[in-house]
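*Asks:* Residue numbers (this note's numbering), protein chains in the order written: chain A, 338 to 605; chain G, 82 to 395.
One or more hints might be untrue.
Claimed, not checked - Distance windows between CB atoms, simulated:
#1 A:Pro596 - G:Thr383: 54 to 62 angstroms
#2 G:Glu187 - A:Asp553: 27 to 35 angstroms
#3 A:Gln355 - G:Thr293: 45 to 53 angstroms
#4 A:Asp553 - G:Leu277: 54 to 62 angstroms
#5 A:Ala470 - G:Ser87: 40 to 48 angstroms
#6 G:Asp227 - A:Gln355: 50 to 58 angstroms
#7 G:Glu284 - A:Arg385: 16 to 24 angstroms
#8 A:Asp353 - G:Ser87: 33 to 41 angstroms
#9 G:Leu384 - A:Pro540: 30 to 38 angstroms
#10 A:Glu485 - G:Thr293: 37 to 45 angstroms
#11 A:Glu557 - G:Asp227: 34 to 42 angstroms
#12 G:Gly198 - A:Pro596: 38 to 46 angstroms
#13 G:Pro390 - A:Pro540: 26 to 34 angstroms
#14 A:Gly383 - G:Gly198: 44 to 52 angstroms
Don't read these hints as lab results, they were simulated from the structure. Cβ atoms here follow ideal geometry from the backbone N, Cα and C, with glycine treated the same way.
Read off the chains here:
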Amino acid sequence: MAVNESLRVLRTTHYDEQHYSLFLSAGSIGGVTAPGHFAMIQAGEGLRPYLRRAFSIADVTTVAGVPALEFVVRVAGVGTAALARFAEGTPLPVLGPLGVPFPIDDLLPADRVALVAGGIGLAPLVLLARTLAARGIAADLFYGGRNEQDILKRADFERFLGPHRCRYATDDGSLGRRGLVTELFTHALAGGARYRRVYACGPVPMFRALARLLADAGLEGSFAMESEMACGFGVCLGCVVPTADGRFATICREGPCVPPTFIDWTRL
Amino acid sequence: MAVDLSTAFGRLRLKNPIGTASGTFGYGLEFSSYLDLAALGAISVKGLSRRPCHGNPPPRICETDAGMLNAIGLQNVGVDAFLEDKLPELARLGATVIANVWGDTEDDYVAVVERIGADRRVAAIEVNVSCPNVVKGGMIFGNNPDALGALVKKIRAATRHPLVVKLSPNVTDVVASARAAVDAGADALSLINTLLGLAIDLERREPKIGFTTGGLSGPAIRPVALRMVWEVRKALPKIPIFGMGGIETVEHVVEFLLAGANAVQVGTANFRDPSLAGRLVEELRVWCADHAVTRVSDLVGTLRTRPRPDHLFS
Numbered sequence: 338m339a340v341n342e343s344l345r346v347l348r349t350t351h352y353d354e355q356h357y358s359l360f361l362s363a364g365s366i367g368g369v370t371a372p373g374h375f376a377m378i379q380a381g382e383g384l385r386p387y388l389r390r391a392f393s394i395a396d397v398t399t400v401a402g403v404p405a406l407e408f409v410v411r412v413a414g415v416g417t418a419a420l421a422r423f424a425e426g427t428p429l430p431v432l433g434p435l436g437v438p439f440p441i442d443d444l445l446p447a448d449r450v451a452l453v454a455g456g457i458g459l460a461p462l463v464l465l466a467r468t469l470a471a472r473g474i475a476a477d478l479f480y481g482g483r484n485e486q487d488i489l490k491r492a493d494f495e496r497f498l499g500p501h502r503c504r505y506a507t508d509d510g511s512l513g514r515r516g517l518v519t520e521l522f523t524h525a526l527a528g529g530a531r532y533r534r535v536y537a538c539g540p541v542p543m544f545r546a547l548a549r550l551l552a553d554a555g556l557e558g559s560f561a562m563e564s565e566m567a568c569g570f571g572v573c574l575g576c577v578v579p580t581a582d583g584r585f586a587t588i589c590r591e592g593p594c595v596p597p598t599f600i601d602w603t604r605l
Numbered sequence: 082m083a084v085d086l087s088t089a090f091g092r093l094r095l096k097n098p099i100g101t102a103s104g105t106f107g108y109g110l111e112f113s114s115y116l117d118l119a120a121l122g123a124i125s126v127k128g129l130s131r132r133p134c135h136g137n138p139p140p141r142i143c144e145t146d147a148g149m150l151n152a153i154g155l156q157n158v159g160v161d162a163f164l165e166d167k168l169p170e171l172a173r174l175g176a177t178v179i180a181n182v183w184g185d186t187e188d189d190y191v192a193v194v195e196r197i198g199a200d201r202r203v204a205a206i207e208v209n210v211s212c213p214n215v216v217k218g219g220m221i222f223g224n225n226p227d228a229l230g231a232l233v234k235k236i237r238a239a240t241r242h243p244l245v246v247k248l249s250p251n252v253t254d255v256v257a258s259a260r261a262a263v264d265a266g267a268d269a270l271s272l273i274n275t276l277l278g279l280a281i282d283l284e285r286r287e288p289k290i291g292f293t294t295g296g297l298s299g300p301a302i303r304p305v306a307l308r309m310v311w312e313v314r315k316a317l318p319k320i321p322i323f324g325m326g327g328i329e330t331v332e333h334v335v336e337f338l339l340a341g342a343n344a345v346q347v348g349t350a351n352f353r354d355p356s357l358a359g360r361l362v363e364e365l366r367v368w369c370a371d372h373a374v375t376r377v378s379d380l381v382g383t384l385r386t387r388p389r390p391d392h393l394f395s
């Protein structure tokens, strides 16, 4: 059950002008967060931004020994810009954890899974990588961005999964293979890699291509979807996606983690 | 100081004047872990239709300055599912439930109201004649006092529940709508619904919302809402009014009461803070005590206005 509480800013780590990690005190949200959960954060008391913003809970960690939630953020507008500027100690209203997390409880120690991230889509995969590592489940990371700067939290992924299991793709070739992350993943499948499940988060074109790849290969997937949302708990009905069974489903309540077969990609 | 928050609202007696607005409060149950539903004056649930409704394709919402635009398209589970799956739990939790209803045609409205029948777990029916986000439906009635009167008359004949008509602000003369509804048998009025708006994505040169236009809500619309409540209160001194539009704080609640609302409905702010409505009940009690107001109903319609000059040139 989600909690509506006030969490303190513990630290803001800026990677570059576009990306930062926001660490908030974990409150009672930290203890009940699973990989794939998200939270709604109010960036201050003012009217700009007006609504809370939805962010994947990237990690449940500590900052100088204090239990913390980490959010990895790309500056995309008023809300994400405002959230970068709070001083340490500032209380922020947070609602979480929300949504349906990644399905992981059915994984067995012998299973091998893949994590596919595009751009800021790395966010929900950090805690997933940490959790899988703790359970001894082998996971391969495929992570794509425009350039090396776009690839965040690399040290964490490599620590959790092992450096040899982390593969990168960049548009300019500055890190890993030049090209799209889906090409990287296709290459791995062509090389004989097989996965019990493929966990992914990224932009819609990546999801679309990956959904096709998984269908062709007969692989199961779980996609952490993103959408603009006003509430985060199923009442504004603003964040819907068209579903394969002809409905509109809320990403916040029926997702954010859904199988690719849940979505009608032709209408998205 | 003991403060009496109870609110006479036509045939209804509300525990307090803090309600929640349809379309911003789901079916109420989604909020049960963030506030005590029984502590609210009334909750108005998502607009119910004769059959389940899928709503509009996304994108459906966007933030605007001090508010948001939406074109959900009245997605809802339908009146049958509401009565079977939601209402029993709402009743168990002690919520005062207002069933908001809508349809494409007069017959659709009547069908929903007849389905609710004499169910005592529903305290009142709120008629949505003001949704700007469907091609047919609501607004056809909301923008035309004659059509509105005819619709309300038919619904009135179909139910003995207290009938609240939720008016559209997208009219030149809201008093004409109010009179038409009351003359046709409405027991009370809700105002306002969202204001029709447009938000633009410059780079794509497209509307930000798939439906092109959407309903504007949030603090941005509060002055418009207050003005309309005040106008209707002046014209119709006795009619119970739910005032709504951009309520975020207890001060905003009191503004609406002064303008003439007997009770209010918190709307878009429920998205921003799901615990807010419950907190406002307690804050209203404190506000009244601090201002030596022993009965909240004493505030209603007590706005002191100055006489307007009848000419501006000498």
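*Asks:* Tell me the hint numbers this structure goes against, listed in increasing order.
*Replies:* Failing hints, ascending: 2, 3, 4, 5, 8, 9, 11 and 13.
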